[in-house]
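**Student:** This is what each chain is made of:
Protein chains: 4
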Amino acid sequence: MATATYTSMRNVCMVFRIDINCDMGESFGAYVIGCDNEVIKHITSANIACGFHAGDPVVMRRTVRLVKANNVAGGAHPGFPDLLGFGRRDMNLTREEARNYMTYQVGALRALCDSEGIQLQHVKPHGALYNMAAEDPDLAGAIIESVKDFHQEPILLVLANSEMQKIAEEAGLKVAREAFADRAYNPNGTLVSRRVPGAVLRNVNQISDRVIKMAKESKAFSVDGKTVELGRVESICVHGDNPEAVNIASAIKTALVKEGVQVRPMGEFL
Amino acid sequence: MATATYTSMRNVCMVFRIDINCDMGESFGAYVIGCDNEVIKHITSANIACGFHAGDPVVMRRTVRLVKANNVAGGAHPGFPDLLGFGRRDMNLTREEARNYMTYQVGALRALCDSEGIQLQHVKPHGALYNMAAEDPDLAGAIIESVKDFHQEPILLVLANSEMQKIAEEAGLKVAREAFADRAYNPNGTLVSRRVPGAVLRNVNQISDRVIKMAKESKAFSVDGKTVELGRVESICVHGDNPEAVNIASAIKTALVKEGVQVRPMGEFL
Amino acid sequence: MATATYTSMRNVCMVFRIDINCDMGESFGAYVIGCDNEVIKHITSANIACGFHAGDPVVMRRTVRLVKANNVAGGAHPGFPDLLGFGRRDMNLTREEARNYMTYQVGALRALCDSEGIQLQHVKPHGALYNMAAEDPDLAGAIIESVKDFHQEPILLVLANSEMQKIAEEAGLKVAREAFADRAYNPNGTLVSRRVPGAVLRNVNQISDRVIKMAKESKAFSVDGKTVELGRVESICVHGDNPEAVNIASAIKTALVKEGVQVRPMGEFL
Amino acid sequence: MATATYTSMRNVCMVFRIDINCDMGESFGAYVIGCDNEVIKHITSANIACGFHAGDPVVMRRTVRLVKANNVAGGAHPGFPDLLGFGRRDMNLTREEARNYMTYQVGALRALCDSEGIQLQHVKPHGALYNMAAEDPDLAGAIIESVKDFHQEPILLVLANSEMQKIAEEAGLKVAREAFADRAYNPNGTLVSRRVPGAVLRNVNQISDRVIKMAKESKAFSVDGKTVELGRVESICVHGDNPEAVNIASAIKTALVKEGVQVRPMGEFL
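Protein chains in written order, with the numbering used here: chain A, 128 to 397; chain B, 128 to 397; chain C, 128 to 397; chain D, 128 to 397.
Don't take every hint at face value.
It does not matter which identical chain is used: a pair holds within one copy or between any two.
Unchecked claim - Calculated cross-link-like contacts (lysine to any residue; reagent style SDA-like; alpha-carbon spacing at most 25 Å):
id	residue 1	residue 2
1	195	221
2	293	371
3	168	193
4	340	157
5	168	279
6	340	144
No lab work stands behind these hints, which were simulated from the structure alone. Fair warning: this is a prediction, and the values are worked out from it, not measured in the lab.
Make the full structure from the sequences, and use the hints.
**Tutor:** Shown next as structure tokens:
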């Protein structure tokens, strides 16, 4: 398999590359959320909200400019049409609805990127749309159709080891597989539900250690203390919604660089 | 002046060309408005609602497909973020808000056009946004900035004889000037307010006669019975929101063709 | 059991009473849906949309006035916050969200009823909220809490034979059980999914016959041709979203009256 | 005139009473705005957002509970249907729209107040609705109609010295006149536009001095240093959207109490 060979070659060369992605531009009108101006310094790819679950056209342009000014790559972060629920509540859309809601949002952001002279690097669905699609082939199919709606196809950021990943790869999309820096994994490689105590890690050193394992060994630690094979991971997802999260993002980047891992936008090595 | 020369040349050649535009795709979710499937047969350019004042992503794609299947040109019809008021209520946006709301909506539609393999021909602001911008240089400026946000600039459809027209021409935009088939004009060339009795014409023959005068002589009749110089007009706006309106659209096209006027999408002769 | 005794007594007296309910006021801004002015003549209780899935404050007041002018009883028809999906898409709200979304909407309508001098007779959740609550005890609990938020408790309209009915009765609410005039039933008394061919009946005579059976014998016909015990039914749900539906509503009322069934608002006999 | 007599009597008794009001409950879904838990300690009346410009049903109930737990009076703070603009952008609604948007929002909040066992003390329109109505008799009329929609009429909080005040008093409403603690006044008693430098005061001592003058002498200082007669003022508006604003609110209350002014909810002395 091409990927395996590629991985082996990379191990031989001892060149490790990883992207760090974070949700951004989730403010809305008078409402401010996230520490975008801080977290931008510690990431390589920004997932920019597109107005359905968060963000608005003014915030979107400002975020595109912020991304550009910091030499970070920008991607679209489309969500369910549920501002009230921040896109975190399951909704049962038809495939036609899901595809078009995606294309609408991504197209809106792409126009702002075009206008500011940056390229749309990737697409990462948000919240419940992301979680549902990770397991629902129909919704995954809608997302794939939407990515293909764009002639210059953006990279699709997917949960490493998920159904979504397999379906997207089979469909021939350019895919980046992501792992979560601060989330506990089940033994089968899925994420432990946020409702379970211990699902979200807080210890900076522990998180940094895990991220290095993800980047260099493609492994995560499961809640039962064993390691889980994630397969190759091209991006690490961090959070930036509070000062503590910004510190974690900063620590992760520092640790990766110290370990010799090249931290670069996914579009540069995919 | 270039335009005058061009007009003279055209008079010499006796070739008259005109576009007929109509608002479309204004349905929303379960709500249906307009007779799109009928009116599409009698027009050459469709102004497709973009989800703020009307329309939704699913309706937008269906409308793009309808436009393509009928060999009609498609344009964006962005409006104020006021679905409840159908974009017909004045809102005092900042210039930054207006520009970005426009670019967001036009970008979303352009993505759907790209995906379906048609070109985005033009942009026509909707309702209160259109009316306010016709007189407000700041809002007109925002609209112009938004059109320039697109590398392949769409044509901007403007009210013939308005401030908006002048400002857009000075800014170097490709502009199409439109006249209204079924609206009474004031002696100064502006539209009579809808609230005034007689502002909206209903007689098919009368409307057809006026449209021919607009297309061939660049003139409108004012409410006081005199003629008003509109300057060159490249497009006639018709309505399609009820069966009667569809009949009017049909009659206008038939009358124009009978008079030897070429009825074609504005993008083909601008 | 009180209900059984009551039913027996009624059989002895040979007095049959039934309410006919229909969704109304689902227009929104410039969007018109439903034939409210026609269907109002053939029903006794109107479920008035409250602005989340459909309806707006202006439409709501007009509908309250229409209800009053036609001596029909009015109730609240709250739905999910999903205008784009007309409240027909499942959403996984928390109990706290569901309760408060309900109370907000019902409170808004009650204020308009107060202002127009009519009483709020009942509450009937809409679409996906109704369907999900029929089976989900947690969501049913949220709805019950919301009804109890009102000192003068409105009647809760529930699907006859559902979990929702049991939970609401156990909670001590005043409940009206409804059956659907034009929907096929499964042998276990649930509704056949709309996606199954034959789920929605169209034959006026067939529908009228069924409704009489529902009103006088508390029975429905299942898709396999057998009868299904629904238990006592106090209201029949009809639709009014197209001219054919209005004819069905009219035929149902005429048939019931002809059979000697008293057709009256549920609040008059509950 | 009754009011004058009452004022004289109060001067004789040397009893000064004033209410302190502040906007609250303006968070929305995942978005948090305002320091409600802190500012609540320093005010006597809370203007609770009602879901159109800010707030949502869950936030509204939490705010009603917060108000109750702190023995503060609660009122409705309805705004334009413009979450994206936080209700601060002018919209030209019809009178029918304005009245019903108000009644809808106030009714929704009243239901939550009823449910939590507190009374709806007052209504204060928000942002652009408040500012436009202060000068527009038609919009003021819509607001008055809406207040009268409620049998137990809430107090209407109005800008002291405005057209709105006069119209509301003539209509027989119970009115509370408010002055702004931290805003500069024009010589004619209107507020200096926020766009003018110096329009918003920041010095705690200066603000406290002004408030005492407002409470005891019904006077404000104009930007030209002279005093402006405001007429009787029953409530002082403070802000609570940042820690500094909370400090100002705290200082005002302390200063008023120290001066012997009774700081109590307007409903207790109106």
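**Student:** Kindly indicate which numbered hints from before are broken by the structure, ordering the numbers from low to high.
**Tutor:** Of the numbered hints, 2, 4 and 5 do not hold.
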